[in-house]
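Now for the letters of each chain:
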Amino acid sequence: MRDNVRRRTAGGGQGLLALILLLFTLLCFLPVLLVLIVSFSEETSIAAKGFSYFPTAWSLSAYRYVMKFGGQLLVSYRVTILETLVGTLLSLFVTSMFAYSLSRKSFPWRGGLSIYLLITMLFSGGTLGSYLVNTNLFHLKNSFWVLVLPGCVTTMNVIVMRTFIQTNVPDSLIEAAKIDGASDYRLFFIIVIPIMAPVLASLGFMGAVGHWNQWMTSYLYISSPELTTLQQMLIKIENNLDFLKERLAQGQMSLEEAQEFKNAPSETARMAMLFCTLGPVLVAYPFFQRFFIKGMTVGAIKG
Amino acid sequence: MAQIKRFFRRSFQSRALITMALPGIVMVFLFNYMPMFGILVAFKRYNYALGLLKSPWCGMDNFRLMITNTAVTWRIVRNTLGYYFLFTLVGTVANVTLAIALHECVYKGFAKTSQTIMIMPTFISFIAVTYIVNALLNNATGMFNNILRTMGKKTVNWYTAPQYWPAILTIVKIWKDTGYGSILYLSALSGMDQEIFEAAEIDGATKGQQIRYITLPMLTSMICILLLLGLGGIMHSNTGLHYQVTKNVGLLYSTTQTIDAFILNALTSGSSNFGMNGAVTFFQSAVGCVMVVVTNLLVRRWDPDKSLF
Chain A
1 MRDNVRRRTA
11 GGGQGLLALI
21 LLLFTLLCFL
31 PVLLVLIVSF
41 SEETSIAAKG
51 FSYFPTAWSL
61 SAYRYVMKFG
71 GQLLVSYRVT
81 ILETLVGTLL
91 SLFVTSMFAY
101 SLSRKSFPWR
111 GGLSIYLLIT
121 MLFSGGTLGS
131 YLVNTNLFHL
141 KNSFWVLVLP
151 GCVTTMNVIV
161 MRTFIQTNVP
171 DSLIEAAKID
181 GASDYRLFFI
191 IVIPIMAPVL
201 ASLGFMGAVG
211 HWNQWMTSYL
221 YISSPELTTL
231 QQMLIKIENN
241 LDFLKERLAQ
251 GQMSLEEAQE
261 FKNAPSETAR
271 MAMLFCTLGP
281 VLVAYPFFQR
291 FFIKGMTVGA
301 IKG
Chain B
1 MAQIKRFFRR
11 SFQSRALITM
21 ALPGIVMVFL
31 FNYMPMFGIL
41 VAFKRYNYAL
51 GLLKSPWCGM
61 DNFRLMITNT
71 AVTWRIVRNT
81 LGYYFLFTLV
91 GTVANVTLAI
101 ALHECVYKGF
111 AKTSQTIMIM
121 PTFISFIAVT
131 YIVNALLNNA
141 TGMFNNILRT
151 MGKKTVNWYT
161 APQYWPAILT
171 IVKIWKDTGY
181 GSILYLSALS
191 GMDQEIFEAA
201 EIDGATKGQQ
211 IRYITLPMLT
221 SMICILLLLG
231 LGGIMHSNTG
241 LHYQVTKNVG
251 LLYSTTQTID
261 AFILNALTSG
271 SSNFGMNGAV
281 TFFQSAVGCV
291 MVVVTNLLVR
301 RWDPDKSLF
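Chains as they are written, first to last, in my numbering: chain A, 1 to 303; chain B, 1 to 309.
The set of hints was computed from the structure by calculation and includes no laboratory data.
Each residue gets a CB set at the ideal place from its N, CA and C atoms; glycine is no exception.
A couple of the hints might just be wrong.
[Claimed, not checked] Listing some non-contacts, in silico: residues in chain A with all C-beta distances to chain B over 12 Å:
1) F40
2) Y53
3) L60
4) S103
5) G125
6) N134
7) G151
8) N239
9) R247
10) F261
[As the list claims (entries may be wrong)] These stretches of chain A come out as covered by chain B in the derived footprint (C-beta under 8 Å, 3 or more residues):
11) 16–27
12) 109–117
13) 163–174
14) 188–199
15) 224–237
16) 282–288
[What the hints assert, rightly or not] Pairs of lysine-lysine, DSS-like flavour, derived with a Cα cap of 25 Å:
17) K49/A x K207/B
18) K236/A x K141/A
19) K247/B x K173/B
20) K247/B x K141/A
21) K112/B x K294/A
22) K49/A x K262/A
23) K294/A x K262/A
24) K207/B x K108/B
25) K154/B x K247/B
26) K105/A x K262/A
27) K294/A x K108/B
28) K245/A x K54/B
29) K112/B x K173/B
30) K294/A x K68/A
31) K108/B x K49/A
32) K68/A x K236/A
33) K112/B x K207/B
34) K262/A x K247/B
35) K105/A x K178/A
36) K141/A x K207/B
37) K245/A x K108/B
38) K262/A x K245/A
39) K294/A x K173/B
40) K49/A x K247/B
Input sequences plus hints: build the corresponding full structure.
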C-alpha cells in the first residue's frame, strides 16, 4: 500500500515542485556567484560590460592586488578572528554558568534572577542608551572590549540553555553526584558541560557568525585602523570610494584625492576582498546545520 | 527577621551557585540595565562637554520637539510599522510555502541540498548584501541597468528613486531570511503523523486538498504563536537593511528610513544633539514594552507553554 501511495505522488506535480525549488535555490546562490565571478574578472570587462556573469576576460589581478595592498585585510582578519573567538567563548562560558545556576531548584536566588532577566526583555535603552553609557561612563570607545562585552549575555540564550539543562540533565544525576561529594563547580564542568554539547554548538555557532558579521558596534565605537574589523573595513572602502567619486563628478578633486582614487581598490579587488570575508562562514555553516536546526527547536520551548 | 536570616543562610549554602551566576548578573547590569539610565537623556539637554550625568534636565522639551517635528517623526514611525507588517505578512507566507514545498518534495536528497543552499544568505553579512545589491543596482556598472541598456530601454537611477525601495527591501529580506525561517515550520511538518496523509490519499484527496485541509490547519497554531511573539519587535527594524543596504541615501529616506536607522544616522553623523533622538528612543522603548506585555498575555492564553512570563 505504501509503495502504491509513493508511486502516485511522484508524478508531474513533483517535477514542477522540484523545478520551483531549484529556481529558488539558484536565486539564493546566484548573487554570491556574481561576487565570485566579478572577483575573477578582468577590470576592463567591468568598465565595458559592468557587473556580469559572463565577463569578457578572466584575471587574477584582483587577488594579486589584495595580496599586495592587503595589509589592512590581514589586520582586520586578526581582529575579527580574535573578536569571534573571545566573544563566543566568553559568552558561552558566562551564559552557561548563569543558566546552570538558574536551573537548580535549590538555588534561593532563582526566582529573583529570573525576574531580573525578564525585565531586560521589557525595557531597553536602545542603541542610543547603550552608546551614551558605553562612551560616557565606561569609556569603551576604541577599545577591543566593546566588541566582546555588550552582547555577552542575552536573556534569550540564558533561557534556551536553562531549558536545555532542565530537560536533558536528570535531577537524579545531579543528586547522585552531590551525594558522592561533587561540588557545584565540579558537577558543572564534568557532568553538565558534556551533556550541553549540542546546545553549546548551536548557540556558539550562531554567536560566532554574529560576531563575524557584526558591523554596527565597530561602526559606532571603533575608529582606529588596528581595531577595524573585516565588515567595517568593507564599509570604509565603499564609503571612501563613494566620496571620491562624488568629488570627481563635481570636479573638485584635489591632487591627493586623485592619487588616492588611483590607488583605491578597483571594483574587482573590492569583490575579491568581500569574498575573502565571506569564505570562512560559507565553508563552516553546512557542518553546523544540524546543530542550529536542533537549537532552534529547543529555543521554541519555554521551561 | 527570621526569614531574612534564613535567606542569608540558604544563600550562603549555595554560594558556589551564586559565584557562577555572578559574572552574568554583572554583565546584564552593565550592558542592559545601565543603558536604561542612559536613555534618561530624553529628559536632558545633552551637552557633549558636560557628559551624560552633568547635562542639565529639561523636562519634556525633547518630546515637544519630537511632536512638533511631525514630518520626520511621522515618516520614521510609518516606515517602521509599515515594513514590520509588510515583512511579517510576506515573510510568513514565504516561510510556510517553502516549508510545505520542501516537505512535499519526494526527492529527499535534492530537498536537503537545496535547503542547505537556501540557508546560506542568512550567514552573509549585511555589508556583503550591500555590495551585492550595489552590484545589481549601481547606476553605471550595475547589472540591471546593463540589461536595460542592452534591451534599449531607459536606465533607472535606483539609488535616487524612493518608489522602488519597498519592493527592493522586501525582496532582499525574503532572499535573506526565507531559507532559515522555514526550518521551524519544516521540523513541525516532519513531526506530523504521516498516516493521516496516506488515509486522505486513499479517500481520494488530491495533494492540494491535503495541504489545504490537513497541513495548513496543523501549522495554524504555530503560525499564530510566532506572529504573536514577533509583535514584541514591532518598533524595531534591521539597520543592516534600512541603513546599509540603502547606503543611507537621503533621497531614499521617505520610503526607507526607520526609527533604528534614524537613530544610527544621528549617532554617526557626529551631531551631539541627542535630545530628540532620546525622546524617539524612549517612545520606541515604551511602545515595545507595552507590546511585549500584551503579546505575552495573548500567547499565554493561546498556549501557556510558549509564554515568556
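Next on the checklist: Checking one constraint from the list: CA of K294/A to CA of K173/B, max 25 Å. Satisfied?
Outcome noted: holds (24 Å)
Item to check | Straight-line alpha-carbon gap K262/A to K247/B, limit 25 Å | outcome: holds (23 Å)
Item to check | Distance restraint between K262/A and K245/A, which requires alpha-carbon spacing of 25 Å or less | outcome: Holds: K262/A and K245/A sit about 11 Å apart, inside 25 Å.
Next on the checklist: Count the residues of the segment 224–237 of chain A whose Cβ falls closer than 8 Å to any Cβ of chain B, and tell me whether that reaches three.
Outcome noted: Satisfied; 3 residues make the cut.
Next on the checklist: Would the hint linking K49/A and K262/A be met if the CA-CA limit is 25 Å?
Outcome noted: holds (21 Å)
Checklist entry - Is it true that the CA of K207/B sits at most 25 Å from the CA of K108/B? => result Given that 25 Å is the threshold and the Cα spacing comes to 18 Å, the pair holds.
Checklist entry - Holds or violated: is the Cβ of S103/A farther than 12 Å from all Cβ atoms of chain B? => result Given that some Cβ of chain B is not farther than 12 Å from that of S103/A, nearest at about 10 Å, it is violated.
Checklist entry - Given the hinted pair K105/A and K178/A, is their alpha-carbon gap at most 25 Å? => result holds (14 Å)
Checklist entry - Do the alpha carbons of K112/B and K173/B lie within 25 Å of each other, as the hint requires? => result Given that 25 Å is the threshold and the Cα spacing comes to 22 Å, the pair holds.
Checklist entry - Counting residues of the segment 282–288 of chain A whose CB is closer than 8 Å to a CB in chain B, do you get three or more? => result Since three or more residues must qualify, the claim that chain B covers the segment 282–288 of chain A holds, with 3 doing so at under 8 Å.
Next on the checklist: Need the status of pair K112/B, K207/B: alpha-carbon distance at most 25 Å?
Outcome noted: holds (21 Å)
Item to check | Interface exclusion of F261/A relative to chain B, criterion Cβ beyond 12 Å | outcome: holds (15 Å)
Violated hints, in rising order: 2, 4, 5, 6, 7, 8, 13, 14, 17, 23, 26, 28, 30, 31, 36 and 37; the structure is consistent with all others.
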